[in-house]
Amino acid sequence: MRDQRSSFERAPAGGRASSAPVLSKGDEPTIFELSVPSRTSWSLRNTNIPEYPLEELVPAEHLRSTPPDLAEVSERDLVAHFTRLSQRQYSVDTGAYPLGSCTMKYNPKVCDAIAALSGLADVHPASPPSCTQGWLRLFVELEEVLCEITGMAAVTMQPAAGAAGELTGLLLMRAWHESLSSRRHRVIIPDSAHGTNPASVALAGYEVTTVASDSRGCVDLERLREVLDDDVAGIMLTNPNTLGLFEEDIIDIAAAAHDVGALLYYDGANLNAILGVTRPGDMGFDIVHLNLHKTFATPHGGGGPGAGPVAVSERLVEFLPGPRPVRLLEPVGRQVAPLPHTAGPDSAALATRDSLPSAGPDGTNGQTSHGYREGDRFGWSTPERSIGRMHSWHGNALVLARAYAYILANGADGLRRVADMAVLNANWLRKRLRGVYDMPYDRPVMHELVVSAARLRKLYGVKAVDVAKRLLEEGFHSPTVAFPLIVDDALMIEPTETESPQTVAALAEAMERIAAEVAEDNGAHDARLAPRTTPVGRVDEALAARKLVPTWDLRERQQTAG
Amino acid sequence: MTSWAPHTPAEIDEMLAFIGVSSLDELFRAVPASLRLATGLSIPDGIGEPDLMAYFQELAAANAPIGRDLVCFAGGGAYDHEVPAVTKALASRSEFVTAYTPYQAEVAQGVLQALFEYQTMVARLAGLEVANASLYDGAHALVEAVNLAVAATGRSAVWVSEGVNPRWRENLITIARARSESHVIHIVPLEQGVGVTSWSTRESSADATSEPPAAIVVANPNFLGCLEDMERASALASAHGAELIVAFDPITAGIIESPGSAGASVAVGEGQALGAPLSFGGPYLGLFACSMEHVRRIPGRIVGQTVDVDSRTAYVTTLRAREQDIRRERASSNVCTNETLLAIGAAVQMAWLGTSGLAEIALRSARGARYCREALLGIPGVRLAATAPTVREFAVCAPVSGEVIVDRMLDEGFLAGVALTREIAPQGFEGGLLVAVTERRTRAEIDAFAAAFEKAVSL
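Quick note, the sequences are listed as chains A and B, same order. In terms of our numbering, the first sequence opens at residue 1 and continues consecutively. In terms of our numbering, the second sequence opens at residue 1 and continues consecutively.
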């Protein structure tokens with residue numbers, strides 16, 4: 001029978017909340033299904049510019065035959081669609097996110113408000129320095145505080161994320177060795193390292209040597225010494241490591257590396273645990289990358305943007321990517337003698353108290369309230385032996401601004417409190433979950449803990465991933481699953497400092513409940529079916545890879561093909 | 001101090017007691033005493049939100065932003081296109097902003113579906129079959145494309161047009177230098193006065209003794225705004241069995257032949273113009289699309305459509321075996337964190353523009369650029385630095401250098417363009433000025449700009 005309906009009656013409705021989780025579990029149509037030819041949302045300036053025909057502007061051979069087909073929707077349907085998508089998304093603002101190694105702490109709203117200031121957000125990156133003094137000052141001041149936090153001599157802001165920071169650091173390592181006419185081929189990485197480490201090593205043209213962890217979950221110093229020789233360019237370490245454990249032998253590791261002329265690289269993924277407690281520079285690290293989107297609370301955006309500045313010791317400064325924001329005049333003001341822990345050739349010249357902004361009104365001696373002489377100027381400078389450029393422009397500036405705001409708001413006292421509360425939460429949780437889940441490296445942790453679901457798997461057939469999916473039903477994001485690789489069926493839990501004791505307790509209860517349930521009738525079965533309360537149930541990952549559908553057009557083509 | 005850690009002193013004591021330690025310091029006993037900071041960090045103590053905001057307002061006041069202080073005629077890889085309230089509102093939904101990478105697909109359908117739609121739109125813009133879920137910026141996309149071509153062909157030579165954004169080229173060379181055996185970058189200069197790639201140098205040298213390239217890289221439009229002879233670039237790539245990598249622009253893509261239809265197997269681009277503010281250069285958005293044959297070499301994340309246990313439509317990151325966390329040193333790239341939020345914003349922006357809107361802003365930009373170019377060329381002593389056809393951006397020479405013009409025009413309230421300084425200018429184009437005109441520039445602004453320009457170029 002012929003369909004008597006109008007054409008629009010057969011299409012999905014844009015303004016119908018068919019998918020909002022509070023209302024139903026229906027699919028959300030794609031924007032392409034909501035598209036209706038000739039419908040528009042756009043609205044542009046009235047410019048009064050002569051309407052030259054396209055053919056007069058661009059020679060025919062360069063023209064596209066038809067414009068690219070994009071969705072054609074009303075603004076109302078566009079807003080409904082993306083708002084509904086956002087309601088199908090878990091986030092820190094929705095609830096706790098104890099995703100190990102990712103430091104999913106609360107992202108302060110004031111930092112977003114700062115990044116939205118027109119005087120920061122609307123600056124063209126090619127503007128001459130006279131138009132960007134605020135930005136340059138921000139970069140220089142952020143560099144100074146990051147030097148103090150890490151115990152290093154200088155920082156490049158260019159790397160856009162942690163992995164970009166790793167690659168930058170490895171290129172600096174290469175430049176350093178080449179400057180000594182030393183050709184080295186290998187970089188040592190512990191078996192507990194993040195996957196980005198070996199991938200970055202390969203990109204930097206080095207070979208990976210993996211060193212096994214010892215029975216305590218730390219770098220095995222003896223085995224490390226066995227693989228260390230003058231072919232080793234460097235060692236990449238995370239400290240605390242991915243088991244949440246502090247590498248207690250770090251001083252000896254640094255000495256062993258330096259004895260063979262290798263450099264020590266610090267992966268900053270876990271810096272949150274040691275803010276204001278100890279510093280990579282004091283441990284002997286030569287290169288440090290930071291994940292501002294972890295430690296310094298810039299929001300992760302569903303997968304990015306991040307920022308991965310790289311801090312280096314004095315001897316590597318001349319190799320940093322350029323151009324670098326620099327202060328053209330020295331700050332005036334009282335030079336504070338270096339504190340005992342900062343004494344040393346690498347750090348004495350940097351980050352005195354008076355060179356940093358303070359909130360107090362202090363207009364004396366011709367200074368602004370922030371310790372700067374009115375005439376302070378900032379500009380660009382490229383280090384003499386710079387490795388080159390690691391970003392299209394200067395780095396992820398708006399992420400850097402957020403991180404700097406976070407650091408200033410916390411201050412020295414607040415940053416130490418960050419580490420204290422992060423470690424307190426993790427150790428409380430560890431104590432609470434002991435005996436409930438196996439802990440292969442059972443000793444006090446720093447900011448995160450790793451438990452194993454291996455016993456649940458052997459007894460009940462319930463894997464770490466099942467526990468993770470059950471936790472989603474309990475209203476928590478799941479921990480990191482199956483990492484680090486050296487723990488059988490790992491669950492890596494990082495509560496972060498911004499979760500209250502009540503929330504951490506609720507997480508512990510949920511994990512206890514799950515462990516108890518899987519031992520009961522049907523409990524294991526239910527766990528393997530989880531999650532059932534989420535916008536979709538367990539997703540078929542194998543199908544996604546086997547029958548790849550990365551775009552709407554390929555889906556249409558496959559459906560047409562049958 | 002401002003602290004976002006909520007613990008009360010009583011709660012801290014209770015937790016310490018439960019753990020079985022007597023102080024917070026004791027939690028750090030694994031840290032050797034010699035490494036502990038005796039007196040804490042030497043930075044000021046924390047401040048409250050109002051003081052914090054006041055300080056950053058002061059920093060912001062020390063800049064000259066577009067809109068408030070300057071009318072923007074600068075491009076060079078960062079453009080002042082319209083960003084409507086709806087894009088800002090949807091891209092700042094905190095569920096998107098504060099989520100992590102969608103590792104748990106069941107609670108990440110929002111980000112995953114938005115990325116699926118983004119991938120579809122980028123693939124359509126590029127005229128290729130598949131796009132990834134974003135890279136850092138244009139430079140990063142270029143680097144990854146070259147890595148893909150080198151891996152796919154097993155060759156090492158890469159011919160890169162000097163018309164590719166100089167900062168991207170510098171990033172490529174910085175990284176390629178570390179792998180000089182597998183990555184040999186040859187820069188192919190631009191034709192003097194014309195501004196398009198002078199492939200003839202490569203066409204004649206391509207004898208049996210020189211190694212065939214893994215890839216030929218060309219930007220269209222190029223850094224000087226010029227439209228390249230894509231047929232020639234494509235023929236050269238075909239003749240050598242090389243990948244054709246095209247750096248394209250997502251706005252001019254509304255009217256210009258797509259990379260895919262020009263023969264590209266990989267397209268890269270800077271996506272900032274799709275809904276992101278100028279942001280002093282970041283975070284931006286690396287666009288990456290390629291043909292299906294390369295799908296297993298794509299860098300970074302790809303979202304695929306699939307089903308859940310109840311056969312409902314669902315989305316998930318797929319072909320994960322390419323990625324660093326699985327394959328480690330054999331991964332196709334080291335990228336982990338990317339620019340997802342910018343990609344979601346770009347998807348919103350592209351849907352807001354729609355088919356007609358993207359073509360419209362490309363056309364309006366081209367009209368504005370034509371009007372501006374004619375006005376500037378009417379000024380004595382001003383001529384085109386490159387005569388090839390352009391769309392939104394063009395390069396001029398004047399009796400004074402681009403740097404001087406930019407400097408002089410600041411006081412008149414214009415960011416006059418991107419000066420072609422020695423550091424960034426393609427060979428032979430030093431001293432010029434690159435002028436970009438978007439759909440946001442009005443006739444009145446351009447008239448005032450031309451008048452100020454005439455004053456600025458007088459010696």
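It should be emphasised that the hints constitute simulated quantities derived from the structure, not laboratory data. Some hints could be false.
To be verified - Sample of chain B residues lacking proximity to chain A, with all beta carbon distances greater than 10 Å (derived): (1) Leu24; (2) Gly138; (3) Ala157; (4) Glu329; (5) Ala448.
As the list claims (entries may be wrong) - The following label-pair restraints were derived from C-beta to C-beta distances: (6) A:Glu226 with B:Glu58: 54 to 60 Å; (7) A:Val436 with B:Gly48: 24 to 30 Å; (8) A:Arg315 with B:Gly413: 35 to 41 Å; (9) A:Thr533 with B:Arg330: 37 to 43 Å; (10) B:Val194 with A:Asp553: 35 to 41 Å; (11) B:Gly48 with A:Lys431: 39 to 45 Å; (12) A:Glu178 with B:Ala38: 37 to 43 Å; (13) B:Lys88 with A:Ser38: 56 to 62 Å.
Even for Gly, the Cβ is constructed at its ideal location relative to N, Cα and C.
* To do: Against the earlier hints, flag every one the structure doesn't satisfy and list their numbers going up.
  => 1, 2, 4, 7, 8, 11 and 13
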